[in-house]
Structures are given as C-alpha cells and as structure tokens.
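There are 4 protein chains.
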Amino acid sequence: MNQVRVGMIGYKFMGKAHSHAYRDIPMFFPNTPRPVMKAICGRNEEAVRQAAGQFGWEEAATDWRELVSRDDIDLIDINAPSDAHKEIAIAAAGAGKHLFCEKPLALTLADAREMLAAAETAGVKHMVGFNYRFAPAVQLARKLIGEGRLGRIYHFRATFLQDWIVDPEFPLVWRLDKTIAGSGAHGDLGAHLIDMARFLVGEMTEVVGMSETFVKERPLPGSMTGLSATGSGSGSKGPVTVDDATLFLCRFANGALGSFEATRFAAGHRCTNSFEINGSLGSVKFDFERMNELQVYFTGDPADVQGFRRVLATDPAHAYSEAWWPPGHTIGYEHTFIHEMVECLKALQENRQPVPNFHDGVLCQAVLEAVERSIAEKRWVQIGEM
Amino acid sequence: MNQVRVGMIGYKFMGKAHSHAYRDIPMFFPNTPRPVMKAICGRNEEAVRQAAGQFGWEEAATDWRELVSRDDIDLIDINAPSDAHKEIAIAAAGAGKHLFCEKPLALTLADAREMLAAAETAGVKHMVGFNYRFAPAVQLARKLIGEGRLGRIYHFRATFLQDWIVDPEFPLVWRLDKTIAGSGAHGDLGAHLIDMARFLVGEMTEVVGMSETFVKERPLPGSMTGLSATGSGSGSKGPVTVDDATLFLCRFANGALGSFEATRFAAGHRCTNSFEINGSLGSVKFDFERMNELQVYFTGDPADVQGFRRVLATDPAHAYSEAWWPPGHTIGYEHTFIHEMVECLKALQENRQPVPNFHDGVLCQAVLEAVERSIAEKRWVQIGEM
Amino acid sequence: MNQVRVGMIGYKFMGKAHSHAYRDIPMFFPNTPRPVMKAICGRNEEAVRQAAGQFGWEEAATDWRELVSRDDIDLIDINAPSDAHKEIAIAAAGAGKHLFCEKPLALTLADAREMLAAAETAGVKHMVGFNYRFAPAVQLARKLIGEGRLGRIYHFRATFLQDWIVDPEFPLVWRLDKTIAGSGAHGDLGAHLIDMARFLVGEMTEVVGMSETFVKERPLPGSMTGLSATGSGSGSKGPVTVDDATLFLCRFANGALGSFEATRFAAGHRCTNSFEINGSLGSVKFDFERMNELQVYFTGDPADVQGFRRVLATDPAHAYSEAWWPPGHTIGYEHTFIHEMVECLKALQENRQPVPNFHDGVLCQAVLEAVERSIAEKRWVQIGEM
Amino acid sequence: MNQVRVGMIGYKFMGKAHSHAYRDIPMFFPNTPRPVMKAICGRNEEAVRQAAGQFGWEEAATDWRELVSRDDIDLIDINAPSDAHKEIAIAAAGAGKHLFCEKPLALTLADAREMLAAAETAGVKHMVGFNYRFAPAVQLARKLIGEGRLGRIYHFRATFLQDWIVDPEFPLVWRLDKTIAGSGAHGDLGAHLIDMARFLVGEMTEVVGMSETFVKERPLPGSMTGLSATGSGSGSKGPVTVDDATLFLCRFANGALGSFEATRFAAGHRCTNSFEINGSLGSVKFDFERMNELQVYFTGDPADVQGFRRVLATDPAHAYSEAWWPPGHTIGYEHTFIHEMVECLKALQENRQPVPNFHDGVLCQAVLEAVERSIAEKRWVQIGEM
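Chains as they are written, first to last, in full-length UniProt numbering: chain P, 1 to 386; chain E, 1 to 386; chain A, 1 to 386; chain R, 1 to 386.
No wet-lab data here; the hints were simulated from the structure. Just so it is clear, the structure is predicted and the values come from calculations on it, not from any experiment. Treat each hint with caution, since some may be false.
[Said to hold, decoys possible] With a straight-line Cα cutoff of 16 Å, these simulated EDC-like cross-link-like pairs (lysine to aspartate or glutamate) come out:
#	chain 1	residue 1	chain 2	residue 2
1	A	Lys378	R	Asp304
2	R	Lys12	E	Glu322
3	E	Lys378	P	Glu206
4	E	Lys216	E	Asp167
5	A	Lys12	P	Glu377
6	E	Lys12	R	Glu322
7	R	Lys378	A	Asp304
8	P	Lys12	A	Glu322
9	R	Lys143	P	Asp304
10	A	Lys378	R	Glu206
11	E	Lys378	P	Glu377
12	R	Lys378	A	Glu322
13	P	Lys143	R	Asp304
14	P	Lys378	E	Glu206
15	E	Lys143	E	Asp167
Sequences and hints are given; from them, build the entire structure.
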C-alpha cells in the first residue's frame, strides 16, 4: 500500500489542520503511504469549494452520504461538528471505509459505543483524533514511563486552561451550545486530559467532579473562526448551556491519584494543556504552550545536581524529530496532526488498528460521562457503572 | 508599649525560626515593639538549655505550666508538638497571656474551638502561625485582589508538593504518626493551602476529597531534624498512620471553584507551595520555591503585550520590602516568620487582634475536618455541617 | 500578479525549508501570489530528482545556468552552498530574474557588493534569507521599538549558542571548511545576530572582536544531513579552518552599546538564538528555543506590578498569527521561512524591494568583515573603513 | 579561639548587612568563633549611635583611628565609603588587626597593592567582601568545575544588570561621583563579575572594553538609602563622572573566552548578577535574582533526557545548607554575608588566610584597571601590563 485515498467531511479549524497534515506527509515522511486528497465535503457549497481550492483537495462535495459510498476512497476523515460524527461514521463503516474521527468521538457514550460496534462489525480501521499524544515531548513522557524510568506512578495532575470566553460579551458561539457541542470545557478540553491520562497512566476506576457556568447568558453570535468570534450586534442574549469549567478527582487502577481541571476562564492562559506525573523514580511536566519541552526529574541523580531538567524534544533521540529540523529548531501545533496522520496511514499500511482508536474514544467518553453523572448526582461514580 | 516579653514553648524547627524572628525584628523593624526573649521551654533540659544559648534566650525552662504563669511574660509562643497545643494555650490564656500558636492550631476542630473560646474568655490576643501569608509576593496577591484588580474570582488552584518521603526506606518519624501529628500531608501542608485560599479568596462552602498512604509501613526511626531523619537500623517497621497525599475540590461562597493537593510524594518538589488564582480581570501565580516572585496577568493590558509578568516583590511598593535590601535583593523562608511576628507585635501595640488569629485556625481546621469526613464517608461535605 | 514561477538551486536543509514554504503559502496565505514550483536544481542528478519528487517540484535540473535563463521562471531561489551564491546570483540577475538568496549573501563583502550591483543594474527584486526576522515575536519587538514603546535604546546583547560540535570526535563537515563556508560560527550564526541588531536597533559604527577554534583538528567526515554527521571511520583527521566561537562588542549609530557572541561550543544549547534590548522605557528578550514568546518590560507599569511579561505572540494582534491557529497554539522554525517567502512574494506583487534585501546582505557582510579585521589586527575597526 | 572581637567602620547598607551576619552566626553556625560586636564607627555621631543600638553593637565611635588601635579588638571590618578603605586598612594592619574590607578594595590598583603589602608586612589576616561567591548555588558551580564535571572550560559570560538610574531624573548620588566611588557600573557591578570569573574559571590574560555614560547630567541629590534616593528639588544639575555601563571581552589563561557587561541601564533588571559557563562536559547558569538555583547541564546525560536541570541548592549536599532550613526552603541576599563572615571567622580560628583575600582584591582591581586602560586607549590590554 503506497497511498491512501481520503475523503474528508468538515472544512473549518480541524479540516484545515488535517488538510495540512496530508499535504506535509509526503515531504517529511516519504516512507509513509501517501495520502491522496480526493474530496472535501461540507454543507455550504461555496465555502467547501473555496476550502477545496485553498487546502488542495481534488474535489469539493456537499453530500457526505455520496462521499462515503464512493469506490475511490479508502479513508473517511470526519471533522464535521460533533453532533454529526455518529451518523457519518456508521454509514462510512457500513460502506467499508476506514475511519478517522476527530474527538469527541460522539456526544454520548452510547453513541460512541455504537460507532465502535459499527466499525468492528465492518472490520474497518478506526482512529480518533487525540492529537496531543503526538507531540514529541509527550511521546518522551510515554517512553520514560513505559521503560519504567519514573517507577511506580503516584500522581497525575492536569489542567487545560483557556481564556477565550472570560469576557462576558464574547458571543454565544456553537461551542457554548450543548445540543451541538455536547459539553463545554469538559468535553472540549477535559477530553484531551482524560486521553492523556489514559495514555500515560492507564485506566481510572472512580471519579468525583464539579462544574460551573460562570457567565450564564451571552450575546447571540455573528460569525466564528477558530476560537474567535464577533457578536451579532443585535443586543439579544441567549443561555449558555454548557460548562465553563469542570474539575474532577480520580483514582487510577494502578493506585495513582488524579486531578483534572478544564476551564475557559483562566485569564492569561491561551492554551495551557498541561500535566505533571510523579513516580517513585522521577517526575515529568508538560505544558503545551511550550510543547517542544518536557521537564524531567530523576530521584537517582547525584545528590548535588538533582532538579527538573528541561528537555527540548527536538533531538534525534526523540520521536518524529528526525523528520524535521536540526536539534533546537522547534515545531508547532500543526505538527501534532501530521504525526497523528502518520500513525493512521502506517497502521493502514501495516494492517493494524491505529492508536488511539475508537476503543480509546469510548473509554474517554465513559470517563467524561462518569464525571457528568458524578456532578449531576453529587457523588463518586465508578467508571464500571458506565 | 515598647517591648513584649516572650516565653516560648518548643525549640526545634519552628522554635528556631521564631527565635530568629525575635532576634531580627529590632534590627530591621525598629519601630515595632521589641520582643524580649525571656525564656524558652522544652522537656529535654539539656537540649533546651543548649537551644537557649544558641538562640539567645535569657533562660531555659522545662515546666511550661510554670512558664505560662510568670508575671514577667506577656506573650506565650507555642510551637511544641501539635498534640500539646491545646493544653498549653488554654492554660496560658487562663493566666492572661497573649498567645502565638503554630499551625495546626489543634489536632481537632473541637480542640481548636475550645482554644478560641478560652482565648476569648480570657480577653487575650491570639495569633496562629500561617507564615506563608507574609511573603511579600503573597501580600501583593492579596492587595491586587483586595483592590479589585483581578475582578471577580473564578478559580483557585493550589498544590503543596514535597518529596521527602518518596523513598520507602525513609523512617517512620513523628510526622507520620497520627497520634502526634494529627494528620499527614493534609494537616501539615494542606492546612497552609486552606489558609491561603481563605486569605485570598474567602470562605468555602463545600468540599469533596480523596487521600492515600502509598507506603504503608516504614522503618522505625532514629533521630530527626527539620525534615531529615535517619533510620534506627534495627530492621523493624511500623505502620504509617497518616495520609501521604490528600486532594480535594471545593466551592467558595463567592462562587469560585477550588482545587487543592497536598502530597509528600511529588518527586522533584522540595517545597512547591503554589497557587494560582484566575479572575475576570486578571490572574496571579505563586510558587514558594521562588517566593520573591508573583506572576501577574491583566486582561486589560494592550492586545499585543498581554502575558504573565514576573514581579519580583522586592520593590518599595511591596509589603515589608523597605525593611530589607534594595530591589532585586531577595529574601528567604525565615523572613516569613519575621513578618508574621511583626504583625503579632504590632497588633499587641495597637491593642487589636492579630491576623491570622485563632478564628482563622478554627476555620482552617473546619475545612481540614470536612475534607476528612468527606474522605471517610465518600461524599461531598458542607462546611456548615462542621 | 497572481503567481510567481520559482526555480530553486539547492535542495538540502535550506532547500527543504524553502520548498515547504512554497507549499504552505497557498493554503495559509491565500491572498499572497501563489508560488509555482517549476524546477529544483542541484549537481547530483539522482539526489535532486529524489528531492523534486519529495518536495513537490515540477522538474529536477542539474544545470543552473540553463535554469536561470528559462523564460518560464520569475524568481531564482539560491540556497546552494555559500561559495556558489555569487556566480548564480549575477547570472540570474543578468537574465532578468528576481532573486532570493540564502544568507550569507556571499563569502566576502566585495562579492556581496558585486551581487547587489548586478541586481541593481538589472533592475530586479532581491531578497536575502534572514528568516529569524519573521518570527512573530521578533516582529513584535520591532513593532514596539518602531512605535517608541521602548524609548531610547541603550543596550543590545545577543548570543547564538549551539553545541553540535562540542564533541571533538564530531567530523570535519563542510561547515568547518573555510573555503566552502567562508567562516564558522561567526558567519553562520553571528550573521543572524548582526541582521537582528540592524533590524531592531540600526547600524553599527565600530566593532572589536575575538575568536577561537577550540578543537583544531577533527576526523574526516562521512555524510552530513542538517547539523548531524557521521565520521568516515578512516581515522584520518584534518584541520578546522573556521572559528568555533566569535565574540564582539560594538557601538551603534544611535549611541547604544552592543554585545555579540556566536559559538558552537555552548553545551546544552541546541539553538539559543537570543537577544535582549534595553531602552529608556522598556526592554524585550527573545530566545529562539521559545520562539513564540517575547519577554516585555515597561518602566511605566504601576510600581507594584513591574516585571517582564511573557507574551505568547500567537494572538490576533501579532504579525502573521491570524493565518495560523487560535491563540496559544504555537508555530515552529519552518514558519519563519513561510513568512519570509510571503514578504518576498508580496513585494513582487507590489513592485517594491523585499526587506531584507541585498543591501541588508551587504551591510551585514560589512560588519562580519569588520569583526574579522578587528580580530586579525587586534584593534577596534570602524564600519566605515569597510 | 572561641570568639573574635570586631570593630566595624561604616554603618549604612553594607554595615547593616555585616552586622546582621555577626548577629546570625552564633545561632546558625554555633561551631564558628562567635563574633563579639564591640564597636561601630562613623563620622555622624548621632547616626552611628542610632545604628549601634539598632544593629546591636556594644559601643558607637566616631574616630576610626582610635578604634583601630584598641586592644580589645581583633578584627577591623571596613565598609566605609570606598575612598576611605586604604587609609583605614593600612592603619589597622599597622595596629596588628585582622582585616575585612568591603569591595572594591581600593579606588586604584596602586592603592590596593599598598593595602596588600601593609597587611602582609603586618602579618595579619585579610579578606575582601566578594559576597556573591558564598551563595550555595555559586559554591555548587565551583564544586562542579573543581571536580572536573564540566570538563575543559570554553566560555564564561556574565552580566550584572541593574536599572535604578534609568530615570534621568534620578539624582546625582555618591555612587555617580568618581571621586568617591572610583567608577560606576564597572567598579560597583563589574568587580563582582570579575571576581566570579576568577573564582570559577581562573585568571585572565587580556581584555578589551567599552563604556558609556548615557545620562551625562543629573539633579543634585537629597538623601540616599541603599539604592534609593530623592532629588534635592533645587533644580540644579551636576555632571555624572562615572560610567553607566561597561562591557568587555577577555581571554583566560586556560584558553576560555569571556564576555562581561555591567550596567545600571537595563530596564526590568533589578539585580541580574548572572553568569553562564560552558565546558566540554557541561554547563552551568546562575542568576542572582533566583539565587537559590543553579542550572546545570551535562553532555553525558542519556540522549533522550539531555537538558539544563534546575538545581535548588538547598539540599544537604549543598554548601551551608544544613545550617538553614529543610530542602526547598530558600535563603536570601543577606545570607551571602553570613557565609562570607563564617569563612572569615573560621580562617582566623584555623590561622590561615581567608578566601577571597586582598590578593583577590588586587587581582580584581588589576582587571578593572586594565579594562579602563583599554577603554581610554581603545586597544587590547594585557593584564600583565598592569
């Protein structure tokens, strides 16, 4: 398998990031199957046609059902709004297409499970877009843990702090609407933390959480791009139906304790997706705003030179780094998508499931919903209940 | 009032820190009433005599009951082991002495309340030793919040991370014995976080927590100084009866959300007593390992130069700083005790209650116990229940 | 002008970076003239053919003279080894092609001047590849200075620290050979610092320098990619003919003082291209290893919150940022080339000289050679002497 | 020898720092000879009497000639204004007193040599106050170098950046008057860098420098304390006769290259006394504003975890730390003086010369003057010329 023919549904923030990944792979990862950018699909014909041209897709399409049934497509990449994931994924699996689906996999655990079942029934490959796993510094953390270099893990603490809606006049964009987004900071940001925890520490057994919507009404929106938006200027307001912030504690199956916080109300934090892990032999710290760096500490260092060391994960010893630039020449956000797609394409080539896949999407969703239940019922919830 | 005659009970880690504070005050705070170091008291006659000489006390004593009843003493400074606080404080209050008591005020909320009642009945002044409030950088945080410069507070998150018992061969010192210490990381470290939260954000209304003892048995101890110790070498082990780590979430009365973590198992962290506060107009961050610094962010900064600024709280504009050295010349841990004692002595001079006082000790203890109950009963606990 | 047809000579480290820039521009800067990747040229036919395929060029070529005379090419991009720049540039200018030339413009000031004269005589546009100017954080520094927000400039200090040849067994690659590279750390790294100084502070008037080759002989090389290489294993050694480190001091025309250091012997620094500027109203600091950040200080901040603020230059207020991702989502090394090429293409569209251009290349070279003369003659050298 | 009787001449910024050191030593370094604070001396009787009381000296004196001839004094501590050092030191040595002299030892190299000769002739002990050597983090740097753990040293770069006179309205205090202060940033700040370089890397062989006085006239002063001052309000101005900033390059005898910068015009830097050293096996970085930390890098670390580690020099493995608080509990500026005095007192006890002593003062002064000559004559100057 030298190439994979892709049909992509969605063309906004994530659609752009994915498109760029497809474009860069042949240049920087020439031994990976070449993605062929067959068609991009969206409801707004003019917009999708414009995106097709700008992003480099062969065709623009508006009917995703037609797209998923085409013979000349191997992989369906789903980055449409979250509420559309399930229907598309099940249809595409039914048509025998491999699946790449942005996170969150679905709006509910039940939906996520249906999607996984459909993919398994169809025997197709499936991947879910937890891109932050693919920062080389995160890969290094995984490697250190996997090799036992941090010892037994005692603590995982993570925060995903943003501040783009601190201003109460920021409008009521779709990400603040539960019917489209499913949840707010919890599903958008917390989901990444949960996946990171699962990737690095393992499964959780129980959770207890808390959430809040600090600004309960906002101006109705005009247009939105990325995380920016303008108000409609109409003076009307509507209710925010998702959480502004969600925090929870957990226990992991291996005995570690976890602390999680996702918020869009942390002034000064544009994108502090951060974690720290403490083990019996050492610790690691990561902050996505300095995504090329991992802070690493070893208890076994000589007594007079113990301290967190700042590892710039751009050396040949670091994952993916040899595809890029010399040591010290950093990479950015978009590279996480490139690496993620490399994993997807390699897995197809090697006829194995990519990682993370729909199983991971389901398990992440189970934790998300366990936290939501914990909040609703104000109690500890076992993940096993879900 | 130009001087305050002090009798101090306790002569180890805290006794040394307090003694040094008394010694430094006349030199650096000449307008503060001069503490007269009358007598230091402890059970081990030889050790307390040695301490008296080394620390500069006029006399050494072994009978605290006699000490608290002396006519030539105005203030009793209690930094004996925590299980002795209550009895001493009540007796000293009964003898009409003003009280300075190290934290934790007592081993239980009931005891703390008794102590407060005794002090109030006796009409004496009382202070509790939450020294971290007195770092100039923390005072700056308080000032910014008090002046409304951070706006409405949304988040408080704090960790007190240490690593001195990560090694499972570290011996079973008194701080790991519930009968003496009351609790482990929670009461020792978490208490400081709770006080900081109350100082900066206000009262909490409900909590839910989790704790763990990772290493359940340890070698019996030899001797201990500060946080260092040696094993007895006997090969025997005993049970650790306190928590190694305690985490909890809370809601504050003003609507803010809080996250707390105290642990002695965070490899690489010697003394990360840290907090971050996010408000509608700005944020602050503090880490005691860089205690002279406060990170400050304002949402109102010009759009192109928004960012956390590192304020070195050594300028004339910062609390206590003019007593010390020129800007940029930092101070250390011990200075928090000096400032704390300045507050105590000034309050006596001004005939007002020092802050923080036994009320703060009681309210801190209430949160500590609410968290413990939450852990024991695995549920959210209202502070009002306590 | 909607497109620019490019012929590129060179296909290694810089050739890859430039190719990627051409590929990304239509996607992220759709309003910039579209670069058409006509032909890539190099001496090794197989290698250049492979590069053409991998990087996305329409054709591979081996004869640069033929390439520069083609009618269907508008812009010649020269990133061949430095010793070939002059001949190519002059020929291409003679053929009426616009020029993009990697730094250093030439191996000598005389050559650089000849190239500039040729370009001016031909009336073509010319640009030189000082890519670091195009980091958004650097652009912010420029903007702050240009708007007078730092006041009168007193100090510029800059270091470009690398460590890839600290190991004395690292082989004698072409960058260590004066006949090909012209100079060592000075021309390779110092040139970037000089350009940055000129960009941010202005022209220098006099310099005094010092240099050293710490490891005077090295194993003969095998192959090299980027900054990595392997020894030939033959056991033979050859002389290092360039500087390992060069430092110099300067005065600027505006009265500021400058300090420069370029070295490949700073263990622990992979790519510390850093500067700090102090003015009467404020200061800025930059380190390329954290290229998305600019540290900014203003003397006019309120007395209690003065401090360097860490500005993450990913907000809409920052140059180029709106073409990329939401705030806090960082970019990397390669983006400096994309922005640089955007400037080149826009200048062609607007029929103006790009900045920086061959004038800047000449002026940078004049400083480089003044420093070399200062070292050779062990004295202060006026830039005007050159 | 269990005690050392001290007479101190000077009672301002340094007098206070030294007094505090004498007060703290018996408490924290009980095995060091106890300093007996016999008499403090200054010209203003009222002020010195006030200082005696506040700082804890037995007597106040106004005639230093009488003081240095008293029989009941062992050590004369000279921290009077720099222009008075020589006369006092020579007289005190003549009277057989041991000497502690603040830096700069003298205003000229010739004077410094006379002072050294006088001390040697008299056979007394002599120390010079380069207090920054005594930060535990600096001691760690020295230890790593001494043990060969950084290998061969290639680079030393240091800056002492302050900003207290950036405001052109800051008055013309004595530190800006050449007749009293000898020089400006160079002698005040640069001297510390030179001593640090000598302590860590060794002797220099040649230098070339540059200096500037950016603000050439200032308002006549009112009063000054520490580094703060107020203008007289008279509207009159006077000439600044010292350098605002001095930079120089050097070669060390061991082949290393050095870069030095001292300035009072670096906005945002209150006290950035910093250095970095790069060796063949590793590097260290220090910044006095974070004086408890040393950044340490080793080339021999495993390939995937190379990076500067932040060592908090508060562990038992670090110099002086066991006298203070548990790991992670930092110390401040004043502690450098305490450690310095411990060295002085121990040397007296052990009947050896303290380090650094007048030899170091002389050698530092030789470099200072070589730089001044280099500036005056605009050429490289050999230290051997001096």
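Quick rundown of the hints versus the structure:
no.: 1; hint: A:Lys378 - R:Asp304; verdict: violated, 42 Å
no.: 2; hint: R:Lys12 - E:Glu322; verdict: holds, 14 Å
no.: 3; hint: E:Lys378 - P:Glu206; verdict: holds, 11 Å
no.: 4; hint: E:Lys216 - E:Asp167; verdict: holds, 12 Å
no.: 5; hint: A:Lys12 - P:Glu377; verdict: violated, 61 Å
no.: 6; hint: E:Lys12 - R:Glu322; verdict: holds, 14 Å
no.: 7; hint: R:Lys378 - A:Asp304; verdict: violated, 42 Å
no.: 8; hint: P:Lys12 - A:Glu322; verdict: holds, 14 Å
no.: 9; hint: R:Lys143 - P:Asp304; verdict: holds, 10 Å
no.: 10; hint: A:Lys378 - R:Glu206; verdict: holds, 11 Å
no.: 11; hint: E:Lys378 - P:Glu377; verdict: holds, 13 Å
no.: 12; hint: R:Lys378 - A:Glu322; verdict: violated, 49 Å
no.: 13; hint: P:Lys143 - R:Asp304; verdict: holds, 10 Å
no.: 14; hint: P:Lys378 - E:Glu206; verdict: holds, 11 Å
no.: 15; hint: E:Lys143 - E:Asp167; verdict: violated, 40 Å
Hints 1, 5, 7, 12, 15 from the earlier list are contradicted by this structure; the remaining hints agree with it.
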